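Colleague: One-letter residues, chain by chain:
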Amino acid sequence: MGVIKIDTIFFTIVDRGKANAVLRKAKECGASGGTILLGEGTVQSKLLDFLGVTETRKEIVLIPASDELDGNLHEQISEALKLSRRNKGIAFSVPFKRWTLNESVQEHNISLDDERFTHCCIFTIVEKGRGMDCIKAARAAGARGGTIIHGHGAGVPADYYFHLAIEPQKETILIVARKEKTASIKKKIYTDLELDKPGNGIIFTLPVSRTSGLYEDRD
Amino acid sequence: MSLLLDKAKEVTKTLVPVVVLVLIICFTIVDVSADVLVRFLVGSVLLLIGLTIFLWGVDLAMNPIGEYMSREVATSKSPVKIALLSFLLGFLITVAEPDLLILGNQVEEASGGTLNSFLIVYMVSIGVGVMISLGIFRLLRDRPLNRFMAVTYGLILIMGCFISQEFLAIAFDSSGATTGALTTPFVLALSLGLSTVKGGRYEEENSFGLVGIMSAGPILSVMALSIISGQNNIRGEAGEYIFKKGVIGPIMEAIPNIFIESLIALLPITVLFFIYNFTKFKIKKGEMVNIIKGITFSLLGLVIFLTAVNSGFMDMGRIIGMELAKMSHGLLIAIGFVLGLIVVLVEPAVHVLGSQIEEVTGGYIPINLIRMTLSLGVGTAIALSMVRIVVPQVKLWYFILPAFAVAVLLSFKSNPIFVGIAYDAGGVASGPMTATFVLALAQGAASSIETADVLVDGFGVIAMVATAPVLSLMVLGTIFQRKKVVELGHVGEVAESADAFPVALSDFNHDCLFVVVNRGYAEYVVELARKAGATGATIFHGRGTGDHQTVLLPLVNIELQPEKEIICLITDIDISANVANTILNDAQLVEKTEVAVYVSPTVALIKDVSLSECSSAV
Chain D
1 MGVIKIDTIF FTIVDRGKAN AVLRKAKECG ASGGTILLGE GTVQSKLLDF LGVTETRKEI
61 VLIPASDELD GNLHEQISEA LKLSRRNKGI AFSVPFKRWT LNESVQEHNI SLDDERFTHC
121 CIFTIVEKGR GMDCIKAARA AGARGGTIIH GHGAGVPADY YFHLAIEPQK ETILIVARKE
181 KTASIKKKIY TDLELDKPGN GIIFTLPVSR TSGLYEDRD
Chain P
1001 MSLLLDKAKE VTKTLVPVVV LVLIICFTIV DVSADVLVRF LVGSVLLLIG LTIFLWGVDL
1061 AMNPIGEYMS REVATSKSPV KIALLSFLLG FLITVAEPDL LILGNQVEEA SGGTLNSFLI
1121 VYMVSIGVGV MISLGIFRLL RDRPLNRFMA VTYGLILIMG CFISQEFLAI AFDSSGATTG
1181 ALTTPFVLAL SLGLSTVKGG RYEEENSFGL VGIMSAGPIL SVMALSIISG QNNIRGEAGE
1241 YIFKKGVIGP IMEAIPNIFI ESLIALLPIT VLFFIYNFTK FKIKKGEMVN IIKGITFSLL
1301 GLVIFLTAVN SGFMDMGRII GMELAKMSHG LLIAIGFVLG LIVVLVEPAV HVLGSQIEEV
1361 TGGYIPINLI RMTLSLGVGT AIALSMVRIV VPQVKLWYFI LPAFAVAVLL SFKSNPIFVG
1421 IAYDAGGVAS GPMTATFVLA LAQGAASSIE TADVLVDGFG VIAMVATAPV LSLMVLGTIF
1481 QRKKVVELGH VGEVAESADA FPVALSDFNH DCLFVVVNRG YAEYVVELAR KAGATGATIF
1541 HGRGTGDHQT VLLPLVNIEL QPEKEIICLI TDIDISANVA NTILNDAQLV EKTEVAVYVS
1601 PTVALIKDVS LSECSSAV
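As you go down the protein sequences, you meet chains D and P in turn. Numbering-wise (the numbering used here), the first sequence opens with residue 1 and increments by one. Numbering-wise (the numbering used here), the second sequence opens with residue 1001 and increments by one.
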């Protein structure tokens, strides 16, 4: 059957303010567009931690891409933003299929055993305020760090006070780790944050087909 | 890159132009004594340090406190309790504001003692309390801000016809005095917290506007005071201004006083928060430590900042004003304009508002654009203030009343989120920098011009600075509304080739769906998804571009990206197709907005999956 082509969403996590540059570069490479989210990254520094600085502001760029474009994007954007240097940002691709109506049967064409999937991206969705706990747990299990995105839950009946629905605030934590480490990180988060209790949150992993700028790959 | 460095960089970027301009003026046009010059330079360095620390303290302390307090307000179930708590908050933060007491004393003096300074302070605080209370009710009930403000300013306009123009100036100035360096970030945080707790369709619009509503309170109370007491004119002379000598001396002298003032200003919020913490919130220790750190940093930063501004910038402003007024009136107006452009960007609250706008809109509104508009507004305001000082026939209300009338009209045509930002900007722009540096400049100029009255003309400057940005941002909002990206987009589906689709492997137990839609449709998509069998979802705010949607704003060359919402759904692998099809099949949705659905298989652990499966899953 040969190598299967994988459509992806190309994720880039960079410092606040650089997302527009990423998007511009991506368009030069032929991407049709992208979406930018605001998030927070983590820092590892005792001094900064003491001073109360525990996060850095990041932007997350999501660009849908075909297999060829994806490879191209990794090359071009790593070069343009110097992702190979420390703390400049990371990029990774998650296989995603754009859903269309004209096909009746749509099956996934990927498997976790594919040797291209060297990394996994762990998504954890928890109550607001517990994001840092999650990252602490992940660090204890060998992850390097994570990115927090703020969002709000929907669809689940919310509390009502005084004619208004209080929307549950959520934090989504994105952690990219090598496939071998994924299981233990997940387990650690799962137990530490007591995700087995209903309502405490969910955790899921997505396979990652390509990465650029990951710290652990530079050792 | 750490947050702290970012903040320092941001402050430096705004401060450098001010320092450069002042130095150019010092070396070319105006002869300034070495003492004042050195003190200005020391002041600039202190200002950089102080403002950086202060902003960071605000991030650490004011934002969480605002958030907790707002949750407390929003979830107290009885309207009476909401009213009481919000009134108390508004009253306490205002009563402790040092600027207000200074203003009170000035007015007491100027009115020959008929108006007691305590009476003024309490009246203004009550005014703020009532307005905050009303503002919070407005927010919780989703009443449109533009109508609310139209009524408020209508009232101000009517009352304005009955009072003397000196009192008009005092009334507007008192509103500038209440929106101090601490109050504004706190109220901004409060309003942001309330709107996030409340959520819903108008979340973004509701995040702004409370500062604007709050600053209408003092205007109304002072006007009422003037009408009731029959006090109509102010007289008296401003005391002879003495320039301080030395460099370190004046700076050290200023510290104790400023420290006490800042402490008093910070106290009510902190005490109220601690009382609530012990009785209700019971925040975790780690978080509490951070908040305490934040409060300490806020205090420290504020003291350094205010010391720098008071001892380094005030004399400088005054001298420049005096000398320029003697030389050429045209030059005075021109330099007033340029100084206004850049000085406003050093205001602490401008930074706070900027980061809040970015946070709330997911970067949809470019901060630089807001800053530019704000600068332009304040620059014009100061230039016009100078015109007013130079030409005695030009009265304050020539500018203020029409400006507000136009702003109110535009607020019905403007992009709704800008309405709140614009009204807030008035309070945000008139902070400590304006109250010292710019005011000193104006008073200096007035003291050199015979026809000008230091007291009366001085009073009007803050009023102008508080008015102009409201108008300029409202204009920007109207432009935004017109340029708004056409929401009807074609769905850029790419036909996928169906050849390579082997059967899914069983190690994936769920599908992860990302649905990208234009802002405002997320709730609808979740509803659809639930009908199709999905359970919950998480919504993120962001901005994005496609091929055909980029709108370039003329002149400034800033790209506008439409706001997007991303809905993340985790569904069972069997129903994901159904969910995706339902969303894409919904004619109403596809017609109105751009929809894209992305699907990826995932290994999910949801409550019902046991731990043993977890370890074997990957």
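Note that these hints are calculated values from the structure, not bench results. Computed from a prediction, not measured in an experiment: that's the story for all the values here. Hints are not guaranteed to be accurate.
[Stated by the list, open to error] Straight-line C-alpha distance at most 30 Å; calculated DSSO-like pairs for lysine-lysine:
1) D:LYS179 - D:LYS197
2) D:LYS82 - P:LYS1007
3) D:LYS181 - D:LYS128
4) P:LYS1081 - D:LYS136
5) D:LYS18 - P:LYS1007
6) P:LYS1077 - P:LYS1284
7) P:LYS1395 - P:LYS1077
8) D:LYS197 - P:LYS1007
9) D:LYS82 - D:LYS197
10) P:LYS1013 - D:LYS88
11) D:LYS88 - D:LYS25
12) D:LYS188 - P:LYS1007
13) D:LYS197 - D:LYS128
14) D:LYS128 - P:LYS1282
15) P:LYS1081 - D:LYS128
16) P:LYS1326 - P:LYS1077
17) P:LYS1413 - P:LYS1077
18) D:LYS136 - P:LYS1285
19) P:LYS1081 - D:LYS25
20) P:LYS1293 - D:LYS88
21) P:LYS1413 - D:LYS136
22) P:LYS1284 - D:LYS197
23) D:LYS187 - P:LYS1007
24) P:LYS1013 - D:LYS128
25) P:LYS1081 - D:LYS197
26) P:LYS1284 - D:LYS136
27) D:LYS197 - D:LYS88
28) P:LYS1280 - P:LYS1007
29) D:LYS187 - D:LYS18
[What the hints assert, rightly or not] A few chain D residues that don't get close to chain P, going by computed Cβ distances all over 12 Å:
30) THR35
31) PRO64
32) ASN72
33) GLN76
C-beta: ideal position from N, C-alpha, C; glycine also.
Colleague: Does LYS128 (chain D) pair with LYS1282 (chain P) here, judged by a C-alpha cut-off of 30 Å?
Modeller: Roughly 16 Å between the alpha carbons, so the hint for LYS128 (chain D) and LYS1282 (chain P) holds.
Colleague: If you draw a straight line from the CA of LYS1413 (chain P) to the CA of LYS136 (chain D), is it 30 Å or shorter?
Modeller: violated (48 Å)
Colleague: Are the Cα positions of LYS1081 (chain P) and LYS25 (chain D) separated by 30 Å at most?
Modeller: Distance ~53 Å between LYS1081 (chain P) and LYS25 (chain D) Cα, so the pair is violated.
Colleague: So if I understand the rule, the pair passes when the alpha-carbon distance is 30 Å or less; does LYS187 (chain D) with LYS1007 (chain P) pass?
Modeller: Judged against 30 Å, a Cα distance of about 37 Å means the pair is violated.
Colleague: Looking at GLN76 (chain D) again, its CB stays over 12 Å from all of chain P?
Modeller: Correct as stated: the minimum Cβ-Cβ distance to chain P is 17 Å, above 12 Å.
Colleague: For ASN72 (chain D), which was marked as not at the interface, is the minimum beta-carbon distance to chain P over 12 Å?
Modeller: Consistent with the label, ASN72 (chain D) stays out of reach of chain P, its closest Cβ about 17 Å off (over 12 Å).
Colleague: Has the given pair, LYS197 (chain D) with LYS88 (chain D), been kept, meaning a C-alpha gap of at most 30 Å?
Modeller: Measuring from Cα to Cα gives roughly 37 Å; hence the hint is violated.
Colleague: Sort out whether LYS128 (chain D) lies within 30 Å of LYS197 (chain D), counting only the CA atoms.
Modeller: holds (16 Å)
Colleague: Are the Cα positions of LYS88 (chain D) and LYS25 (chain D) separated by 30 Å at most?
Modeller: Between LYS88 (chain D) and LYS25 (chain D) the Cα gap is close to 16 Å, so the pair holds against 30 Å.
Colleague: Is the straight-line distance between the alpha-carbon of LYS1395 (chain P) and that of LYS1077 (chain P) 30 Å or less?
Modeller: With a Cα-Cα distance of about 48 Å, the restraint between LYS1395 (chain P) and LYS1077 (chain P) is violated, given a limit of 30 Å.
Colleague: Just to be careful, I want the Cα atoms of LYS18 (chain D) and LYS1007 (chain P) compared with a cutoff of 30 Å; is the pair within it?
Modeller: holds (16 Å)
Colleague: Given the hinted pair LYS187 (chain D) and LYS18 (chain D), is their Cα-Cα distance within 30 Å?
Modeller: Violated, at about 34 Å.
In summary, the structure is inconsistent with hints 4, 7, 8, 9, 12, 16, 17, 19, 21, 23, 24, 25, 27, 28, 29, 30, 31 from the numbered list given earlier, while agreeing with the others.
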